[in-house]
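Number of protein chains: 4
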Amino acid sequence: MVKAGIIGATGYAGAELVRILLGHKDVEIRWYGSRSYIDEKYAKVYGNMFQLVEDCCLDDNLEALAKQVDVVFTATPQGFLAGALTEGILQNAKVVDLSADFRLKDVGVYESWYKIQHKSPQFLEEAVYGLCEVNREKVKGARLVANPGCYTTCSILTAYPLVKEGLIDPNTLIVDAKSGTSGAGRGAKLPNLFCEVNENIKAYGVASHRHTPEIEEQLGYAAGQQVAINFTPHLVPMNRGILATEYASLRKVEQGDGSLAFPTEEQVRAVYGKYYGGEYFIRLLEPGVCPETKWVEGSNFVDIGFQIDQRTGRIIMMGAIDNLVKGAAGQAVQNMNLLFGLPENEGLQLVPMFP
Amino acid sequence: MVKAGIIGATGYAGAELVRILLGHKDVEIRWYGSRSYIDEKYAKVYGNMFQLVEDCCLDDNLEALAKQVDVVFTATPQGFLAGALTEGILQNAKVVDLSADFRLKDVGVYESWYKIQHKSPQFLEEAVYGLCEVNREKVKGARLVANPGCYTTCSILTAYPLVKEGLIDPNTLIVDAKSGTSGAGRGAKLPNLFCEVNENIKAYGVASHRHTPEIEEQLGYAAGQQVAINFTPHLVPMNRGILATEYASLRKVEQGDGSLAFPTEEQVRAVYGKYYGGEYFIRLLEPGVCPETKWVEGSNFVDIGFQIDQRTGRIIMMGAIDNLVKGAAGQAVQNMNLLFGLPENEGLQLVPMFP
Amino acid sequence: MVKAGIIGATGYAGAELVRILLGHKDVEIRWYGSRSYIDEKYAKVYGNMFQLVEDCCLDDNLEALAKQVDVVFTATPQGFLAGALTEGILQNAKVVDLSADFRLKDVGVYESWYKIQHKSPQFLEEAVYGLCEVNREKVKGARLVANPGCYTTCSILTAYPLVKEGLIDPNTLIVDAKSGTSGAGRGAKLPNLFCEVNENIKAYGVASHRHTPEIEEQLGYAAGQQVAINFTPHLVPMNRGILATEYASLRKVEQGDGSLAFPTEEQVRAVYGKYYGGEYFIRLLEPGVCPETKWVEGSNFVDIGFQIDQRTGRIIMMGAIDNLVKGAAGQAVQNMNLLFGLPENEGLQLVPMFP
Amino acid sequence: MVKAGIIGATGYAGAELVRILLGHKDVEIRWYGSRSYIDEKYAKVYGNMFQLVEDCCLDDNLEALAKQVDVVFTATPQGFLAGALTEGILQNAKVVDLSADFRLKDVGVYESWYKIQHKSPQFLEEAVYGLCEVNREKVKGARLVANPGCYTTCSILTAYPLVKEGLIDPNTLIVDAKSGTSGAGRGAKLPNLFCEVNENIKAYGVASHRHTPEIEEQLGYAAGQQVAINFTPHLVPMNRGILATEYASLRKVEQGDGSLAFPTEEQVRAVYGKYYGGEYFIRLLEPGVCPETKWVEGSNFVDIGFQIDQRTGRIIMMGAIDNLVKGAAGQAVQNMNLLFGLPENEGLQLVPMFP
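Those sequence lines, one after another, are chains P, F, G and Z.
Oh and the first sequence: position 291 is 290 in numbering that gives the first Met the number 0, straight run, nothing missing.
Oh and the second sequence: position 285 is 284 in numbering that gives the first Met the number 0, straight run, nothing missing.
Oh and the third sequence: position 152 is 151 in numbering that gives the first Met the number 0, straight run, nothing missing.
Oh and the fourth sequence: position 251 is 250 in numbering that gives the first Met the number 0, straight run, nothing missing.
Watch out, some of these pointers could steer you wrong.
Copies of the same chain look alike in the list, so a pair counts if it works inside one copy or between any two.
Claimed, not checked - For lysine-lysine, the following DSS-like pairs were computed, each having C-alpha atoms within a straight-line distance of at most 27 Å:
1. K24 - K137
2. K43 - K273
3. K43 - K114
4. K40 - K188
5. K40 - K24
6. K273 - K40
If you're looking for bench data, these hints aren't it; they were derived computationally from the structure.
With the rest of the complex left out, here is chain P:
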């Protein structure tokens, strides 16, 4: 039985961790950390947990926690883990960090996009970027896993095989992403009020959203070159779900007869199959089918579809995830499974809920 502690258990991502881990047969939650609700019953903060969780919330004491558990999940604001992490903690417990603190290798990039100083850059090198389908083997041996961001998970996985195989020019990539409102967290802020979000859609963080460098870094590794993209997030009046619609110029590839032409539907499909054919959580949809966020709700799946536009020489790739599951808590558990040698989908065989 893996003993787990959660720091930030009363945010939406933390609460989703609780939901998933309660159904994980090999895990026991030992610590519901929440600075805002210390000593309050967890089930008072989340009424859905009434009679399912009897524990009270505890303080965010990472040192103490690491000694009592096998794995710590930090679902905390940027800067928290970087400010609290020590070698001692990592010797006592594995850490899966849902914040951005250890996702970017370059501390300068982190500091310029997040506008805060990084307090423990010495752990950046050993941190493994926990995008399981890409970095599976590295995760297995890690002590510190940087769980990817919600937008980034969706954006990267949707384009990754085509970037890796050079079918698209990565510098033409435009990611137009749409997210449900749970991605904005549970903070009591005016723009997240029901009446402000409902019956409304808007872009935000245009050309400045912090997930941009994360996508660029990872796709840069795949492309073998530095990559600059456009990423535009939008707020959608729904609780959960991210849809990324991605545009890129196709590169001509050699065809059977030696000529150069844009890749065909089958060629693109084959490339996706090469990388994702054996992946439980990635579902490449049938030709002509566009992913819908509702089809993955509550599950750890990534649904991917695409359409080639011969008129413009571009491909439109579309990926859908549940931002709280594959985009946060589900992927964190997937990483935990890898860390402890459990089947990768243990506790994550969640059937999407529809409607």
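With the hints as your guide, set chains F, G and Z onto chain P.
Relative to the frame of chain P, chains F, G and Z by itself:
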């Protein structure tokens, strides 16, 4: 391994049965019946099931089906099962009917509220009303279970102990119920279009909704007398969930000092505890807490709260369920568990999803 | 040209006042009061007003304001106006108060339900309760109008004629009301976040909501006796709209043949017609039609329908309004029109928006 | 008084025409055409119109109608007007067509994208594309106005000045558009049911949507060259609103010092100002502000914002409209005002409703 068949697998209740049974370790779905989608892949009808269900839809052949499975779920329009049921079918398989065909004992009441002739009244007597928390022992030995309606499950369970113990006058009962739109089914009808339902609330079926006699019959058994109530359903712009707000006049009860007075909060709580104290799926909320449908979403729970109004001598009882789970598919599986001697909550330990 | 000032112009009700008054040909807004946004452009607070309102927000200086305008609207928290009102102010300008400060005649009732001390009870007697359809003549001559609450406007108007004419027993009245979320205001509070409200419905303030005594007082005047009712508000995942579903026991009335019986559909309809036949803003729906909040959205209409249940001897009355219009700003403008001798529906001939 | 007839008055666009024209002081609706509801009261089809419209629906008789009115609005399926239009009709009344029949000048393009034969190509040349801000003078003298599509209105106006002035390369244009569900019409189709749309977002018609050639034709005129773009529509769980997020590569322009560089924020702003500075319905938002569909709801405004990304050399333009107003009925009335010499914003000074 219990072999199960579903007739009406492509309605919302049928689809929820599929979702739940896919996670039930002792059940295997052998038949996805759907008259509208014969020979089409089930996962084309419900994109969430892509790669989880590979089967195609089959015709509604109840006779053939009963020979291949241990249990048949009929999630069909009123009249279907009554028109198709035979003794032979019941000898081959257990039947859990999610329609109203066998819920009312009095065929005249059925015909007058449903405006159709009942084609097999001979099975009415043996049919067991599958409200597990009330009829558990009878269900265990049944061949034919009439799975309660969504509104009725919520309405009855919320008031049942107080009616049974005589704390309220059952003829003063007013049930004001609010339902998510999945209760209206997947039929392509104008009033269920997004733009008609969204940003809107309305009552419907006022003083004429078909769940009224079902509530009255069951509460009549509890009260030991005939009961007439008011029941008003409302359509709410959300996918899932039923909230029943119920009003009734309290009866004065003898107090410790021999005087007569309205029951106290503690006395009411004790009565609920007497009936539901050991029930896994019924959660009596703490004093002052009102149930929210979101807290039970995706789960088989019934959340109940209440408030006594000394000024008017009435009690306000509130109950919340997920209409597709405890109000349909979840309760059907609960009944199936009872029929086959499985733990009653097997496959139903679903943690509510929030948000 | 009536010169108007608004205190609390950046709340939802204040903003709706702005929307309506911008379309009122006889009114000019001179003061956008907002303690929270002093000196900020109003259109920065409400993006919909961009290029329509060029003014900046001003402080809540009631004394100064009253000297510059003909009418002051106070869309402020409870207690504000009671703490600021003076005889001098009332000599300079008419005041239409959208808060509860002057709605209840009995200061004790006010203080016990609102839990604050009333700072200027000396104005309670002269304040006119601005339910125009009931108090039209009194409003015309008033200096201080207490604009009714949103729930109360809907609850009272829906039942008023039947109470007034004695067709129902007022002490059996149960009001089950459902409101869109704008009724909760624009405060950044966790329970009003999109993810907490969306896909959810709950009751709140059960047996304790502050609109209860207001309904009781007004219906008491109509009944000529003290009245105690049950009122239960619910939060619905939509922006605007209130639906009140009201239950009451019918009283038997003398029929044409001298016998006593419950009133017929026609008799009830005639009573509604007697009071509302000439009312522009009240629409008595055709037999069998239930009101829908969407049908009044953006307008000052009150839609009313009813159903008699002969089985239980009760009538179910249903009323729908837009909580921000007839339930707040629209009624305030209707009162203003009466105060200044303008046509009562001037600026209020708003066609409901659908969908 | 302009006498108007509407063919297709019971679709959402037709109903919005009714809403707007009821508030237009110079127009009188004489004909509510609706093939599906002949002889039924219009207010039965749209409950919001109760007591506001007393007329019954009439058949779709264009010949008869044209003799009785000054202007006919056709809010009908593709092919209807092309199949019914005659010279005689145009001699009797002006026609504003909300369908696509006369939007594309090239009949071959029409037939290949719409998959139907065009029955009256002889009127294509005289038809004026009714994008008022671009074609104002031509509209004034027209007999037949092709009212632009909802997506196209938003997509074109958002990019038009930059294309016209050569600031962007039009062939790099990518339009990622998001629409509320009223754009899908009032047809009772499964994909438009509440439970299918709510809590969901998806792309559709990828690389094949019929508004693509319309955008390309109009931007082609502006660019003075043939243009091929990518256009991807998405379905958003809200009633109204379109947001177009548009991406294009900037062209370097000569700066003050003679060097070539990407245009600055100010330079782009100046170009927008040159074309839209005097336009009542186009609101160029302040620097850094992103449009929100809620800010234009119920109004005829187009809100436009933009952001330059120096890193990638692209500009992100964003436009928001209410799809039923500026995207359909509002623009149709704007065209009608031009046709009859009325002030262009008569009846269209609609203040956006928030929330």
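Results for each hint:
1. K24 - K137: Answer is within; shortest intra-copy Cα gap is 25 Å, inter-copy 33 Å.
2. K43 - K273: between (47 Å within a copy, 24 Å between copies)
3. K43 - K114: Close across copies (26 Å), not inside one copy (35 Å); limit 27 Å.
4. K40 - K188: both (24 Å within a copy, 20 Å between copies)
5. K40 - K24: Close inside one copy (23 Å), not across copies (32 Å); limit 27 Å.
6. K273 - K40: The answer is between: 25 Å across copies meets 27 Å, while 48 Å in one copy does not.
Figure legend: structure checked against the earlier numbered hints; every hint is met.
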